[in-house]
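Need the complex rebuilt from these two chains, each delivered in its own frame; the hints are there to steer you.
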Amino acid sequence: MRIPCPFCGPRMLEEFVYLGDAALMRRPVEGATCDYVFLRDNPAGRHHELWRHEGGCGAWLVVERDVTTHEIFGAALAEARDAG
Amino acid sequence: MQADRLSAGGLVDRSAPLPFSFDGEVYEGFAGDTLASALLANGVRLMGRSFKYHRPRGPLSAGPEEPNALVTVGGGAKADPNLRATVQELYAGLSAASQNRVGSLRFDLMAVNDLLHRFLGAGFYYKTFMWPAAFWEKLYEPLIRRAAGLGALSGLPDPDEYEVAHAHCDLLVIGSGPAGLMAALTAGRAGKRVILAEEDFVLGGRLNAESFEVGRKPAALWAAEAAAELAALPNVRLMRRTAVFGVYDGAVYGALERNTDHLGAPPPGLPRMTMWKVHATRAILASGAIERPIAFGNNDRPGIMLAGAVRAYVNRYAVLPGRRAVVFTACDDGWRTARDLRAAGAEVTVVDARPGAARDEGFRTIRGGAVVDTVGRLRVSHVTIRHPGGTEDSASADLVAVSGGWSPTLHLTCHLGGKPIWRDDIAAFVPGVALPPGMHVAGAARGDYTTLACLRGGAAEAASALGVAAVEGPDAEDGAASVSPFWHVKGAKRAFLDQQNDVTVKDVELAHREGFRAAEHMKRYTTLGMATDQGKTANIPALGIMAELTGRTIPETGTTTFRPPWTPVPIAALAGRHKGEHFHPTRLTPSHDWAKANGADFVETGLWLRAQWFRRGAEKGWRDSVDREVTETRGGAGFCDVTTLGKIDVKGRDAGAFLDRLYRNTLSTLPVGRCRYGLMLREDGIVFDDGTAARLGEHHFLVTTTTAKAVQVFRQMEFARACLWPEMEVSLVSVTEQWAQYSVAGPKVREVLAQIVEPGFDLSNEGFPYMACGAATLRDGVPARLFRLSFSGELAWEIAVPARYGHGLAEALAGAGAVPYGVEALGVMRVEKGHPAGNELDGRTTAADLGLAALGAKKSTGFIGREMERREGLQAHDRPALVGLRPVDPTARLLAGAHLLEPGAAPKTETSLGWVSSVAFSPSLGSSIGLAFLKGGMARKGERLRMWDGLRGADVAVEVVNPVFIDPEGARLRG
Chain A
1 MRIPCPFCGP RMLEEFVYLG DAALMRRPVE GATCDYVFLR DNPAGRHHEL
51 WRHEGGCGAW LVVERDVTTH EIFGAALAEA RDAG
Chain B
1 MQADRLSAGG LVDRSAPLPF SFDGEVYEGF AGDTLASALL ANGVRLMGRS
51 FKYHRPRGPL SAGPEEPNAL VTVGGGAKAD PNLRATVQEL YAGLSAASQN
101 RVGSLRFDLM AVNDLLHRFL GAGFYYKTFM WPAAFWEKLY EPLIRRAAGL
151 GALSGLPDPD EYEVAHAHCD LLVIGSGPAG LMAALTAGRA GKRVILAEED
201 FVLGGRLNAE SFEVGRKPAA LWAAEAAAEL AALPNVRLMR RTAVFGVYDG
251 AVYGALERNT DHLGAPPPGL PRMTMWKVHA TRAILASGAI ERPIAFGNND
301 RPGIMLAGAV RAYVNRYAVL PGRRAVVFTA CDDGWRTARD LRAAGAEVTV
351 VDARPGAARD EGFRTIRGGA VVDTVGRLRV SHVTIRHPGG TEDSASADLV
401 AVSGGWSPTL HLTCHLGGKP IWRDDIAAFV PGVALPPGMH VAGAARGDYT
451 TLACLRGGAA EAASALGVAA VEGPDAEDGA ASVSPFWHVK GAKRAFLDQQ
501 NDVTVKDVEL AHREGFRAAE HMKRYTTLGM ATDQGKTANI PALGIMAELT
551 GRTIPETGTT TFRPPWTPVP IAALAGRHKG EHFHPTRLTP SHDWAKANGA
601 DFVETGLWLR AQWFRRGAEK GWRDSVDREV TETRGGAGFC DVTTLGKIDV
651 KGRDAGAFLD RLYRNTLSTL PVGRCRYGLM LREDGIVFDD GTAARLGEHH
701 FLVTTTTAKA VQVFRQMEFA RACLWPEMEV SLVSVTEQWA QYSVAGPKVR
751 EVLAQIVEPG FDLSNEGFPY MACGAATLRD GVPARLFRLS FSGELAWEIA
801 VPARYGHGLA EALAGAGAVP YGVEALGVMR VEKGHPAGNE LDGRTTAADL
851 GLAALGAKKS TGFIGREMER REGLQAHDRP ALVGLRPVDP TARLLAGAHL
901 LEPGAAPKTE TSLGWVSSVA FSPSLGSSIG LAFLKGGMAR KGERLRMWDG
951 LRGADVAVEV VNPVFIDPEG ARLRG
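Residue numbers (the numbering used here), protein chains in the order written: chain A, 1 to 84; chain B, 1 to 975.
Pulled out of the complex, with its shape left as it was, chain B reads as follows (with noise of 0.2 Å):
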């Protein structure tokens, strides 16, 4: 029974009823409907609960600016709360439910804090909750938050898809208001490509709330023709239920297009929402205005409504929101909700604040007077009104339309840091001088508020961005509309000016007493102007109160600044397709599948997947299988998936001489066939990265990085080629991803590789010596690259082949009796030798600290980091350099991170020696081992020291030792 609807007109389908239900009672609206004008159809008016003080509340607007109508739609996983019942189109079987509220929206029991808002002013918190100082993290906090809020969310992973998309376009026309439907229509005749995104969704913006005519018809009749005209221009993207949201670098617009929100049951594989990339060589805001509310006392009901939001309640929907109405106003147009709302059948008293405001059509009218308070528990049901000698009476109302005027909606102009400015004559801010490049600003964003002066501004400024003909426009009203600023009435009690936050004249004026003046302390102060709706009824009426309070002008006052987003745009638009596994790309190695079915837990290193362990029969934890792998590969022979690694072929015929400025140590001296440590340093003189280079021929290195820098290294190095000394010849390729390799350690590493390679291919010390590389053809006829490196200390090749081979290596390796292990054993093995790694190369460790000092030391060229490598405090002899650490109890562990000390010191930053920077569990040695940097470094080998960790709780007796631990002479990498 939609009691409160009218039998004609709007732009409602009456053929089509949607059932929906809120807080579990059903309703019917129909198509064309919001959520909020459907309820106020079934004589719904209470819809949510304040923020703070758990007032009842309806709604204030018909629009996105809506402060109050916040409910939540759907259930389960798809609950959405803090969606604005003004915004939401109606769809047959919306559920939607109120929020913040304890019981029922009628009966909330959090409404006793309204009685105690004596107590809950502006910054209470501040002042309150003080002591004991400890109950504010357990006690105060927990209770405010759970009392005051907004509606929950579900707590359960989003099941919905989001797009993020991009378009391009001549002429961006945002809004579909008169300016923007004639900018549209001068731009999409003259051929341009033309985006016209509106939030709604519907085409025509005002001109579907109001009674008047556009060209001797019906407005919004002139608006759907028009529509209709645009939709039929193929250069023309008509994009309804799009807000832009944003304005970025470049002209590029943020805009939010909702597909699914209408919809009952989405067609599969359509995004809920896509966010737009719009690059649009020119655009036009034709963004309209928004209306001010006059805060009074007990302004707030349900029942009080800004008057242009009745009128679009009347005449968009055909619903009238009240029998008995008064209109409260400051301006002529509060009278045309008058006009209308009695054309409809409704009872109109107009008070106007205006003294001098002459005008007698009829109604009961109060010239010079005020609203000053309100009655009615759950709606609003009479109101006092203060007549211009003093005197009050009470009058019954249902309906109290407020106008305090209208704000040009400029925020979108101040997103690139352009600031407003004000006009007294509209008493509004108007978008400044600086605008964001190529945007124009059209209709009443830019203060014409007269129909005819926004569809000729519509047109024209389209004309002057494009340098096309503007089109003739229909005849529209040119009423002058007169308005002068009314912010409050004085002396009302409870007068709420931001109804989202609940901030009244009264926080205002505390703020002003406590010295938070400027616009932006109160903002913060109060919390005006926060939340969803981010002040867009509440900032200028605050503005006003303050600058009366100060006694300066509203520009003198100031005005917040506005930063994107315009409306509320939830984070997995933003985020798009980039959720989930998909956050980020996931590198794979060739062998990847064949290490999965053996038994391997993969750990992510960067991008890359990399084998962590392999787990095999009963082992219960990764220890078992980390030592096995060690373990095995000591004694046996390993493999290793190392294809993560960089590598970057170099060639021409600078490329030694290149490499020598890049790397520390000389790589030109190089034989073809062998391969050298390298050792990079950054240019302020700290270890950058290592790795290797292999001499492939004359002309062409291959050098190695580590997988966690391989592609700042590779960065390096083309800055290097390109801006320091392109003079020289040469070129370099990534070829990381073209090569799978892998690396083959242990005693019986020649048994297993005689299996992989060609028969007759020389193993021997003789015929493939420490250090040398080449190629190699496998016995299935691959060809290969070998490179005879160590880095677990064994003897030990690298094998590399094209990357679509090396699953089958991997194959071959295992068949050929090589047990895999993955990083962590690589780890062990690589602490058991002492060799640097990532821990070591932390960004602030120089090539002495690390041992490495005789690197390079007798270079006669130069390279990158060398003179200032040179600096007093990165030569200073105290610094911490690399050791070997042993605790003397073998069965105690050691713990990267903990501090060293000298035993009976105190535990302080100035008596700390250094710390442990890498510890594993050496399965060869039977203890826990570590590397650390001590102050002293290997002068103090065989020192006992504490180590201490407080975080942890440890405290472990330690002996400094050679940080390599097993076979230091290196007699098994030559075997």
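Bound conformation, chain A alone (with noise of 0.2 Å):
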């Protein structure tokens, strides 16, 4: 499995850390709630996932993964976009 990285290209998977679903950067303004931390849909389908690029440029991606199929279809910069 590769990952598109903004930055290095199509890199594989062993190069990136998986840390949770895109929800996780809508963290309440007035602090965290057990839905935030612990709730979360689980689509059968396409999910925006967070992933780092520990072993390249160290940027936190948006990455979006059919969970069904494992297709990529695509990654954005975390800091640069909303959560999907």
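Honestly, the hints are just simulated from the structure, not real lab data.
There may be inaccurate statements among the hints.
Some, not all, of what chain A presents toward chain B, calculated at C-beta under 10 Å [to be verified]:
1. M12
2. L13
3. T68
Listing some non-contacts, in silico: residues in chain A with all C-beta distances to chain B over 12 Å [claimed, not checked]:
4. R27
5. D41
6. P43
7. G45
8. W60
9. T69
10. E79
Derived CB-CB ranges, DEER-like [what the hints assert, rightly or not]:
11. D889/B / C57/A: 54 to 60 Å
12. D41/A / G975/B: 57 to 63 Å
13. G606/B / L19/A: 17 to 23 Å
14. D41/A / S484/B: 48 to 54 Å
15. P565/B / C57/A: 30 to 36 Å
16. S912/B / C57/A: 47 to 53 Å
17. H699/B / D41/A: 36 to 42 Å
18. Q712/B / M1/A: 19 to 25 Å
19. L153/B / D41/A: 46 to 52 Å
20. C57/A / P769/B: 37 to 43 Å
21. H70/A / R423/B: 28 to 34 Å
22. H70/A / E392/B: 53 to 59 Å
23. D593/B / L19/A: 34 to 40 Å
Bear in mind that the values here come from a model prediction, so they are computed numbers and not experimental data.
Just so you know, even glycine gets a beta-carbon here, dropped at the ideal spot from N, CA and C.
What follows is the structure, encoded as structure tokens:
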């Protein structure tokens, strides 16, 4: 599996670490809630996920991936984008 | 004397005789042989013993689907078991041995199992060896395991080297038969980057095994010419001896290239195998088809082979596997074998299971008949033939060629979850509609069985995959092959389906009677389709029989799921060079060599190697060294390498505010030139990590983390910066490796440091108070940072210098009279001071549990973990909290992991009051001491409890004490 890093181009999965759903970017302003920390939608299909290119440029990315096929539709720099 | 070698033909080089040995006997074969073909040429039919019944076996196939002819090649550490003789290329000096026998291959003492077959059917061990229960583990299982099996590992470290490599191409062609060659020619002539991977050592696939013509020349010659053209194209890479074994996400294919297994004396430096990760935008699967056997009585004797394999031996290897042959077929393909055998000089009888198969080619032919049984101890000698009317007669035969039709080799199409579909017209599964992204299937692998269809299909699929023009193919045979499904001869006594696992038709019937009818249940109950061949010849016939038994169709019965790898892949090849000390990178601190030269023993801490203690003179055990290091540090001065602590540089206008959001306590109020302890929580309110923060400038902090959590903390901080608060003006850099850092501690530390720093540098309490930090220049001009921090509880500084000066600083500190101490003494001193560390920050404890509730308690701004820390369960008053422990008897030992109980309470989960988290022997106190989490915490100070450890048989009376054992007022560190 390869992830198209906006800085480094398509790189192998081994270079990345996974954190969780991109919903983690939407931290409530008044502080974390149980829903924010523990509850996730888990659709069979496309997810927006947080990955860090730790073995490369170190950027946090939002990767769109279909969890049923592992197809990756793209990756965007997390800093530059709202949580999908 | 190659008695069964034909005098002409084949792809063997008669001018290159190769001596080799099998079970100690010396033979001769030719270049171009496999071990199996060379043994057959020498008249050897018996090559192994079966898994369970130890029945004599010879090769069933001439390729990678082989279930029987498994051998061990080489000796000593290089011995490699379970290699298929039908794949192993012959070389001069090859030494092979048969497996799974007691005594000789001809007289295997374990063959007695065969007489007991009535009791050893599918799942016998679930039923037969039930009582007494205690016997299973100690007696039955070891016995069964010894009797059943494959080859043995040498038990020695593998002396070979393996490589993992990446390759990239526009088109990966898997298989080099007619479809694969045409696909490669189409892509190659169009200028595309092509990799053609072929498991075999000769390109051409079936074309090398057939006697017909392609393009009005012998098929093998056409294949050789096509291969030569491809080899001349600079954009085409031919990879022989390379098996594509798996399809992975993102169009990555796993391929195993065997570089040296065909060489008697490999050149030095060449890895034995290369595990390729092939990145292929498109792939053509042209893997061909595998012939299916028919199950009949005693169909496993040496000399009984697949009909297509017989043609391969005759046409490619110029070996005549038998002189009186019976061809038993359920399809037209078997007749080709009959013709080729007759042309090679054999006498042939054809038994065609199909009643309507009207042909008269001059063979003795039995239409609508069947071979029902065979005779012959180590090689077939006679067969029993049943005629259409039911009469039976016996015929002399030293070769039985069997064809039950062909099944497309579609394994790779299923690796990403694809489901095959059944085609009645060819009685076979073909690849389903959902193929791995970018994969196309051509030739026999998709059910195109004529040579012309394969040639055209290969070109057409490559053309459509790449959007280029298909190349014109040669003329070839296009005879539609008729096949009728025929799985087994009814009423046969011991008819083997899976020869590798000794699974018979009766075992499948047993599975059916006992309810294991789904394909996956049948596989697990009978073991059909397991082990090295993964049922390549057995799966479809077994499904056919289960379908008959259940009255369902084959697609209703199911198909087994094919997963990677297609062919056995040594774990060593997957590991490549990541083995031994290279299993992971090792991080060394700048003064590692100095520590090593000064008697250090090292311990792995994550990837780091840290000095554990420094052995001096006559010290016998580690405790001697550690006790001395603690005593000398507390009595004089010591220094410890703390380079491995994570160091993160935080800069920017919002640096202080940013850290306030990450740490439980406030750091933005820290004055420039001061340090503060910092505690970091996880978002769920549990303690994550701790360290210190030093303010080096108005907009510049340096925070430290524990060694273990350095990576995770930096990741979390970067997440917060990039994903949570990208609007904050702050930047983070990990500088762990840029600075070598030493903690220098002890009452005489000022005398030591006075020799290190520039003359006149003020180290007094006024000039450099406790928790201050600042820049300094060392005597040799090296720029340094000083932090007045103390983990040991002594008067102490930490000195950081650019990494390249670490070695020199360690030398200078030792020269100035400080004794080096390792992480073990560091640990003893931190337990003596009651500082929580990894054992206490175990992912379950809160700040309050650690006695740190006051840290940041008055903070007005939010921070990570704040809300979730307030959850009821984390606030409960009876949560175990940090206390100190001392044994009532000072000679008794405390144990980390032990439970705490009321004196006299029965040791049960419900009565446990907590646990001991860290223990140490304190040379300062002359006693074992410990930190523990105890319900009620410090409110129980002075109570006597029981420390109980059932596992290690400890039961010690302990007293609850202040966790700060030494200098609780902190006078020393402010001294």
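These are the hints, each one checked on the structure:
A least Cβ separation of about 8 Å between M12/A and chain B falls short of the 10 Å threshold, and the interface hint therefore holds. With its C-beta approaching chain B no nearer than about 8 Å, L13/A sits inside the 10 Å limit, and its interface hint holds. For T68/A, the interface hint holds, since its Cβ comes within 10 Å of a Cβ in chain B; the closest pair sits about 9 Å apart. With a minimum CB-CB distance of about 5 Å to chain B, R27/A fails to clear the 12 Å threshold, and the non-interface call is violated.
The Cβ of D41/A lies farther than 12 Å from every Cβ of chain B, with a closest approach of about 18 Å, so its non-interface assignment holds. Consistency note on P43/A: stated as away from chain B, and its beta-carbon is indeed over 12 Å from all of that chain's, at 18 Å minimum. With a cut of 12 Å on Cβ distances, G45/A stays outside the contact zone with chain B, its closest approach being about 15 Å. Not every Cβ of chain B is farther than 12 Å from the Cβ of W60/A; the closest lies at roughly 4 Å, contradicting the non-interface assignment.
Against the 12 Å criterion, T69/A falls within the reach of chain B, whose nearest CB is about 8 Å from its own CB. Not every beta carbon of chain B lies more than 12 Å from that of E79/A, the smallest distance being close to 5 Å; the non-interface claim is violated. About 59 Å separates the C-beta atoms of D889/B and C57/A, a value consistent with the hinted range of 54 to 60 Å. Between D41/A and G975/B, the C-beta spacing of about 58 Å keeps the proposed range 57 to 63 Å intact.
At about 20 Å, the beta-carbon gap between G606/B and L19/A stays in the expected band of 17 to 23 Å. Taking 48 to 54 Å as the suggested C-beta distance range, the pair D41/A and S484/B conforms, at roughly 53 Å. Restraint check, P565/B to C57/A: a C-beta distance of roughly 33 Å satisfies the suggested window 30 to 36 Å. For S912/B and C57/A, the hinted distance range of 47 to 53 Å is satisfied, since their beta carbons lie about 48 Å from each other.
Between H699/B and D41/A the beta carbon distance is about 40 Å. The supplied range of 36 to 42 Å therefore holds. Range check, Q712/B to M1/A: about 23 Å between beta-carbon atoms, so the 19 to 25 Å window is met. For the pair L153/B and D41/A, the beta carbons lie near 48 Å from each other, so the given range of 46 to 52 Å is met. A C-beta distance of roughly 42 Å is found between C57/A and P769/B, which places it inside the suggested range of 37 to 43 Å.
Checked against the hint of 28 to 34 Å, the pair H70/A and R423/B passes, with Cβ atoms roughly 29 Å apart. Separation of H70/A from E392/B is about 57 Å and conforms to the stated range, judged on CB atoms against 53 to 59 Å. Evaluation of the 34 to 40 Å hint for D593/B and L19/A yields a pass: the beta carbon distance comes to about 38 Å.
Checked against the numbered hints listed earlier, the structure breaks hints 4, 8, 9, 10; every other hint is satisfied.
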